[in-house]
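Letter by letter, the chains look like this.
Protein chains: 4
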Amino acid sequence: MIGYQFMGKAHSHAYRDLPFFFDLNYQPVQQAIAGRNEQAVKVAADKMGYASYETDWRKLIERDDIDLIDIVTPNNTHTEMAIAALEAGKHVLCEKPIALSLLDAERMLEAAKKSGAVHMVSHNYRFAPAVQFAKKLINEGRLGKIYHVRAQYLQDFVMDPSFPLVWRLKKEVTGSGALGDIGAHIIDLARFLVGEIREVNGMLETFIKERPSGEMSGGLSSTTSEAEQMGEVTVDDAAIFMSRFENGALGTFEATRFAGGNRNGNRFEINGEKGSIRWDLENMNNLEVFFADDEEGLQGFRTINVTEESHPYMSNYWPAGHIIGYEHTFLNLFSELMKGIEKGYSPEPNFEDGAKNQAVLEAIQLSAESRQWVDIKHLREETRKKL
Amino acid sequence: MIGYQFMGKAHSHAYRDLPFFFDLNYQPVQQAIAGRNEQAVKVAADKMGYASYETDWRKLIERDDIDLIDIVTPNNTHTEMAIAALEAGKHVLCEKPIALSLLDAERMLEAAKKSGAVHMVSHNYRFAPAVQFAKKLINEGRLGKIYHVRAQYLQDFVMDPSFPLVWRLKKEVTGSGALGDIGAHIIDLARFLVGEIREVNGMLETFIKERPSGEMSGGLSSTTSEAEQMGEVTVDDAAIFMSRFENGALGTFEATRFAGGNRNGNRFEINGEKGSIRWDLENMNNLEVFFADDEEGLQGFRTINVTEESHPYMSNYWPAGHIIGYEHTFLNLFSELMKGIEKGYSPEPNFEDGAKNQAVLEAIQLSAESRQWVDIKHLREETRKKL
Amino acid sequence: MIGYQFMGKAHSHAYRDLPFFFDLNYQPVQQAIAGRNEQAVKVAADKMGYASYETDWRKLIERDDIDLIDIVTPNNTHTEMAIAALEAGKHVLCEKPIALSLLDAERMLEAAKKSGAVHMVSHNYRFAPAVQFAKKLINEGRLGKIYHVRAQYLQDFVMDPSFPLVWRLKKEVTGSGALGDIGAHIIDLARFLVGEIREVNGMLETFIKERPSGEMSGGLSSTTSEAEQMGEVTVDDAAIFMSRFENGALGTFEATRFAGGNRNGNRFEINGEKGSIRWDLENMNNLEVFFADDEEGLQGFRTINVTEESHPYMSNYWPAGHIIGYEHTFLNLFSELMKGIEKGYSPEPNFEDGAKNQAVLEAIQLSAESRQWVDIKHLREETRKKL
Amino acid sequence: MIGYQFMGKAHSHAYRDLPFFFDLNYQPVQQAIAGRNEQAVKVAADKMGYASYETDWRKLIERDDIDLIDIVTPNNTHTEMAIAALEAGKHVLCEKPIALSLLDAERMLEAAKKSGAVHMVSHNYRFAPAVQFAKKLINEGRLGKIYHVRAQYLQDFVMDPSFPLVWRLKKEVTGSGALGDIGAHIIDLARFLVGEIREVNGMLETFIKERPSGEMSGGLSSTTSEAEQMGEVTVDDAAIFMSRFENGALGTFEATRFAGGNRNGNRFEINGEKGSIRWDLENMNNLEVFFADDEEGLQGFRTINVTEESHPYMSNYWPAGHIIGYEHTFLNLFSELMKGIEKGYSPEPNFEDGAKNQAVLEAIQLSAESRQWVDIKHLREETRKKL
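Chains as they are written, first to last, in numbering that gives the first Met the number 0: chain A, 0 to 386; chain B, 0 to 386; chain C, 0 to 386; chain D, 0 to 386.
Simulated from the structure, these hints should not be mistaken for laboratory data. None of the values given here were measured: they were computed from a predicted structure. Hints should not be assumed to be uniformly reliable.
The list makes no distinction among identical chains, and a pair is therefore deemed to hold if it is satisfied within one copy or across any two copies.
As the list claims (entries may be wrong) - Below, a list of computed lysine to aspartate or glutamate pairs in the EDC-like style, where the Cα atoms sit at most 16 Å apart:
| id | residue 1 | residue 2 |
| --- | --- | --- |
| 1 | K376 | E245 |
| 2 | K342 | E307 |
| 3 | K46 | D16 |
| 4 | K134 | E347 |
| 5 | K169 | E368 |
| 6 | K46 | D22 |
| 7 | K144 | E204 |
| 8 | K273 | D159 |
| 9 | K58 | E86 |
| 10 | K144 | D55 |
| 11 | K170 | D22 |
| 12 | K385 | D66 |
| 13 | K144 | D159 |
| 14 | K170 | D45 |
| 15 | K385 | E204 |
| 16 | K144 | D45 |
| 17 | K170 | E204 |
| 18 | K135 | E294 |
| 19 | K208 | E272 |
| 20 | K135 | E295 |
| 21 | K135 | E347 |
| 22 | K273 | D45 |
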């Protein structure tokens with residue numbers, strides 16, 4: 000693994016915990032972790048259970064005892080690391096968004112195709128059992144033709160103007176703000192559940208344009224520097240966009256870090272011809288489901304606690320009604336990755352999904368600048384010509 | 000109508016509003032209202048739409064132009080008024096609880112039987128469409144055999160120790176406190192939905208034993224008297240009790256005015272062999288329903304907005320999704336009363352229900368004193384011997 | 000009053016019920032109702048309490064005993080009726096949207112200004128106590144600078160393809176579909192709470208393009224004609240749009256009749272610098288409020304039952320915790336209208352608001368056609384040149 | 000560890016996962032697991048990470064390399080195992096309820112006191128962060144004097160009459176049914192949050208008195224035996240009881256396996272002089288809190304997502320809004336146990352709490368038989384005389 004902050008912890012825990020809950024033929028061994036700061040990476044290796052560490056990520060790729068490279072570093076490093084790893088024949092798991100630009104994402108996809116290695120993107124929320132169950136219902140046609148998707152990812156952790164200028168607020172490191180950080184998740188959920196997006200039109204906004212430029216920390220929190228030096232926030236605090244899906248559905252999306260009271264409100268509602276579903280990450284074990292063909296007078300959203308043995312992944316955990324949490328989305332994702340490595344295929348979401356997601360992100364940025372609708376397929380074609 | 004405070008307002012509004020929403024053959028005419036304070040009753044008559052007023056309720060009973068006597072006075076006056084009205088051949092609607100004691104309630108029931116007039120008790124919450132719909136589901140066997148009833152009526156309006164000693168806190172006027180005032184409602188709902196209670200065992204508690212003894216007001220609010228004279232609270236602030244129903248179901252009940260944050264939390268859950276239902280007055284248009292025979296994996300409580308045209312009483316009001324409120328429970332009740340008067344029968348809950356309800360109230364008081372289980376049927380039999 | 004369908008019933012009830020709950024110096028008298036079908040309007044007059052009826056609305060305007068004309072007819076008749084009434088010196092209450100086009104709305108506004116009469120638009124949801132309370136909090140600065148508005152009006156009553164082609168689905172009668180019918184409400188709420196909208200960009204969609212063209216009914220329901228003749232649906236089933244407010248806030252809006260399971264889901268969330276609020280019409284007595292300056296660790300949305308005596312309008316109704324319903328929004332609105340007539344001013348929302356609302360509606364339609372952002376102020380200026 | 004079923008899995012996972020999240024001076028090493036079935040225990044040892052296994056639990060106690068004995072076997076074995084372990088100087092963690100009878104529980108407590116070893120009972124729900132936070136609020140006096148506790152543990156997993164006669168339904172193995180299995184949890188929560196219970200009065204009921212007597216399985220599920228041999232259910236399906244706390248608060252409790260639709264509904268509400276709190280295990284990361292001294296008009300239950308860094312235990316896990324699940328209650332409990340072992344004290348809930356809990360359970364059973372109130376202190380005194 001390369002990186003050891005918030006996502007490093009989440010991934011490391013999942014590797015460690017996976018064999019306990021899942022019976023897998025191919026199991027992870029935490030061989031090594033890489034980070035630039037030797038002291039910190041040593042502590043992290045010890046704490047999180049890695050057998051060794053490196054201070055240069057390139058060393059990790061050179062090592063023969065390592066099959067899978069897991070990239071949990073800031074976004075501006077993903078492309079170089081992933082391509083290097085793939086060229087060395089390593090399997091790659093990469094955090095989202097996979098790149099700073101669509102062109103880089105397409106380059107990563109090309110490298111992945113050439114390598115024959117397994118590749119996957121860490122869109123963990125797909126793997127919440129309630130989301131997988133929603134997908135199953137949609138695939139079975141229980142909602143019929145889809146009319147509407149409305150998805151929001153609402154957070155509030157940077158609302159305080161004294162929150163410092165961490166790397167997640169710098170465009171050169173992260174590419175975009177709320178858009179790529181949390182908007183990428185709801186785009187992935189919408190693509191997973193409803194299908195490809197045909198075109199988008201969006202707005203980006205930075206509400207607080209300057210912040211104390213203290214030393215960078217893990218990206219989610221930091222103490223303010225003593226000296227009140229201010230730096231420019233170069234990414235969006237909020238992104239909103241409309242979309243048309245290829246199957247005709249309408250989408251409204253909003254990703255913001257300025258929705259006070261919403262600590263981690265990743266929520267969606269999907270309305271179809273025959274039914275509707277609702278989900279909210281803050282209550283991630285539940286799925287609300289409405290069926291239009293329920294008996295008259297008895298129609299209403301059902302609150303389903305998606306913890307039954309028959310629900311996706313739940314037979315690995317606890318009896319019905321004993322909820323799981325955030326970290327289990329990674330376990331579920333990793334169980335698919337292990338199966339992919341064992342059998343030689345790249346489970347979704349893979350780099351193809353990563354590139355498609357990046358195309359939507361870039362289209363939104365372009366539409367926000369041009370104030371025009373942007374066609375996703377056309378954007379990808381134009382970009383791939385530059386490969 | 001006799002009385003013109005909170006309940007007087009609620010009843011008067013219902014009479015006035017009834018013809019607008021319901022097509023009835025027999026319609027109410029607000030002939031007269033009675034109250035002891037001439038100035039106040041005059042204002043009330045004018046405001047609430049009565050053609051005349053009396054300062055002696057006996058005059059009302061003597062008048063030939065009055066068919067129905069509606070008793071909304073404090074509890075200690077119900078028995079005398081109701082018996083007098085029934086003996087004069089008037090129909091009677093009486094607020095709950097109908098009496099201070101079971102013996103009085105049985106006397107009222109006897110008078111009602113002798114008179115041949117229509118009699119009814121104003122247990123308005125039965126007439127919330129969601130409750131009527133719950134009854135329909137239970138009657139149709141959709142819940143199967145009933146195992147559990149848990150019902151709570153939680154309020155908090157007297158928690159402040161400076162809240163004065165209004166009539167609702169004096170035993171000689173009101174009979175009991177939370178027990179008779181709000182406990183009577185959940186007993187009625189349980190009897191209506193699940194059937195008769197066989198035996199009970201309960202506790203009563205008065206948390207604040209002395210209060211400022213200002214002038215009495217409407218029972219729900221009052222300003223404190225200037226002089227800080229204190230008087231004894233002679234009724235319960237809270238009542239809790241267990242019960243066994245005649246059909247074998249277990250019941251847990253709680254009525255309290257000391258549940259902070261619960262303004263008017265009248266709520267129940269009923270669990271049966273095949274399903275469960277939940278209701279809460281604070282969200283009275285919804286009913287939550289669970290069916291054990293819903294498809295595996297898709298089981299969960301449905302939140303049904305009981306506002307469809309097919310739901311009880313709702314075709315009289317607005318299109319689906321346009322909610323009704325507290326006052327409409329009285330309109331629905333009164334529509335039944337009018338039908339009863341037209342056709343010559345006493346709709347439930349009538350004085351038979353009033354007496355049964357009073358028997359449960361008295362049994363709880365007895366059990367709280369004796370710390371023993373009390374059998375309801377036996378208590379009624381013993382009491383009726385004294386008639 | 001002109002018209003006697005769903006809105007006719009709602010308005011008539013409010014006139015009738017108003018004096019019971021409100022102490023007003025100026026009180027409504029239901030003098031006359033107009034409708035083209037004599038038999039039907041006669042029944043309506045009788046049922047809803049009007050002293051007389053007319054089969055030609057012009058007669059109503061000619062009558063000296065009528066001060067206020069209330070227009071609850073289909074949208075294509077509003078402009079002519081309102082202007083005629085205003086020119087005759089009558090006060091006018093008009094249902095929303097006030098016109099089929101912005102030009103017509105501006106003409107109505109001009110007529111209103113010239114007449115000196117009182118004018119008001121029936122945006123009743125503003126008058127839900129929880130919404131008024133939200134406004135009070137915002138006005139007091141409790142939310143600080145506003146960052147986000149997300150508002151949805153979700154219904155599902157036309158999802159069945161066999162639902163007939165009622166007037167609400169015909170452009171020549173109604174102007175637009177979900178947009179003008181329910182979108183107009185959330186635009187009004189957003190303008191009321193957050194301020195003017197600077198520019199919009201939206202999409203309109205008609206999911207079911209042909210329907211059985213039976214006889215028209217009340218607009219909300221109808222039985223299908225026997226002969227399966229089909230007619231074209233000429234309005235939108237759904238409208239989604241993004242907006243920028245003049246104060247810088249971002250807005251996402253969605254109005255649809257194709258959100259299965261949402262009978263009447265008019266809901267919004269507003270996020271500000273210091274707090275957030277949420278409201279949902281289906282649970283209209285509650286307001287959820289978050290304050291960023293609540294003690295650390297104890298922050299969370301409060302569910303406030305807006306039924307206290309201190310809450311807007313609630314002292315007119317029942318004690319705390321006794322909820323009101325849909326119809327009371329009209330009572331509250333009408334109490335303001337009566338005060339306006341008494342004192343000679345036009346309470347908001349008046350025809351100025353009506354025109355501003357219509358400008359947003361028209362801008363969305365234009366943006367949906369042109370796929371461009373449309374500036375509201377510019378649109379009004381250009382339109383007013385044509386007056 | 001002795002035992003390897005549902006609780007065995009939960010405990011083993013917690014040992015394994017603990018060092019990842021907590022920085023402890025004393026850390027668990029999974030030395031050995033014991034079970035009677037060699038094949039099964041071997042698989043379990045391997046799967047759950049134990050270095051060795053034994054088929055006789057006594058061997059475990061004899062081993063020098065083992066400091067802590069964790070008893071997760073059926074209830075009828077706890078007493079013998081715990082006393083043997085304590086006598087051998089081992090620390091003991093025991094599943095709840097700790098014994099079949101109060102006398103056995105008192106014997107275990109005596110053994111614990113004599114041994115000087117660390118002892119603890121596995122009441123894991125105390126360690127949900129929201130519950131710990133509730134305790135903190137109560138300790139700080141934020142709720143004032145406590146008036147009411149209402150607690151329910153509602154499940155539905157045995158409602159199907161074909162669910163077999165597993166050990167959890169046999170009195171000789173388990174002591175009681177819903178009472179000891181889930182009632183013990185809500186008693187522990189009530190004691191933890193509100194204090195000791197003075198007296199109780201309860202009812203027990205077995206709704207389904209015979210079941211297919213297949214081979215015993217893990218206690219929570221089983222396949223039915225082919226031959227339809229029926230056996231008697233000798234424990235309660237449901238337990239309800241009233242209580243008085245020593246501080247004067249009233250309690251209503253209900254533990255049942257017959258509340259359809261409630262998979263794991265462990266919920267309570269506590270009302271005090273200054274505020275109220277609500278919690279539900281199915282949504283275990285949230286705590287609802289009401290403060291009576293919140294500003295007038297702005298009072299309401301706050302839904303607090305207890306996932307902030309400042310909330311109990313949460314700094315060990317993820318950023319705010321990233322929820323934890325059922326299994327983390329064990330990690331939190333074990334972190335306390337490790338600290339106790341390191342520093343030589345027995346963290347609560349220890350065997351003193353275990354005995355007190357058992358006293359309440361036994362008092363309820365006695366009251367259900369005698370139909371009388373039972374005094375807890377008196378019961379313990381009488382029982383301890385038999386030691």
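Against the structure, the hints:
{"no.": "1", "hint": "K376 - E245", "verdict": "within (10 Å within a copy, 34 Å between copies)"}
{"no.": "2", "hint": "K342 - E307", "verdict": "neither (28 Å within a copy, 41 Å between copies)"}
{"no.": "3", "hint": "K46 - D16", "verdict": "both (14 Å within a copy, 11 Å between copies)"}
{"no.": "4", "hint": "K134 - E347", "verdict": "within (13 Å within a copy, 44 Å between copies)"}
{"no.": "5", "hint": "K169 - E368", "verdict": "neither (18 Å within a copy, 37 Å between copies)"}
{"no.": "6", "hint": "K46 - D22", "verdict": "between (25 Å within a copy, 9 Å between copies)"}
{"no.": "7", "hint": "K144 - E204", "verdict": "between (33 Å within a copy, 15 Å between copies)"}
{"no.": "8", "hint": "K273 - D159", "verdict": "between (43 Å within a copy, 10 Å between copies)"}
{"no.": "9", "hint": "K58 - E86", "verdict": "within (14 Å within a copy, 54 Å between copies)"}
{"no.": "10", "hint": "K144 - D55", "verdict": "neither (50 Å within a copy, 46 Å between copies)"}
{"no.": "11", "hint": "K170 - D22", "verdict": "neither (42 Å within a copy, 35 Å between copies)"}
{"no.": "12", "hint": "K385 - D66", "verdict": "neither (31 Å within a copy, 65 Å between copies)"}
{"no.": "13", "hint": "K144 - D159", "verdict": "between (43 Å within a copy, 13 Å between copies)"}
{"no.": "14", "hint": "K170 - D45", "verdict": "neither (32 Å within a copy, 48 Å between copies)"}
{"no.": "15", "hint": "K385 - E204", "verdict": "neither (29 Å within a copy, 36 Å between copies)"}
{"no.": "16", "hint": "K144 - D45", "verdict": "neither (51 Å within a copy, 46 Å between copies)"}
{"no.": "17", "hint": "K170 - E204", "verdict": "within (14 Å within a copy, 36 Å between copies)"}
{"no.": "18", "hint": "K135 - E294", "verdict": "between (22 Å within a copy, 14 Å between copies)"}
{"no.": "19", "hint": "K208 - E272", "verdict": "between (43 Å within a copy, 14 Å between copies)"}
{"no.": "20", "hint": "K135 - E295", "verdict": "between (25 Å within a copy, 14 Å between copies)"}
{"no.": "21", "hint": "K135 - E347", "verdict": "within (15 Å within a copy, 45 Å between copies)"}
{"no.": "22", "hint": "K273 - D45", "verdict": "neither (52 Å within a copy, 42 Å between copies)"}
Violated hints for the displayed structure, listed by number in ascending order: 2, 5, 10, 11, 12, 14, 15, 16 and 22.
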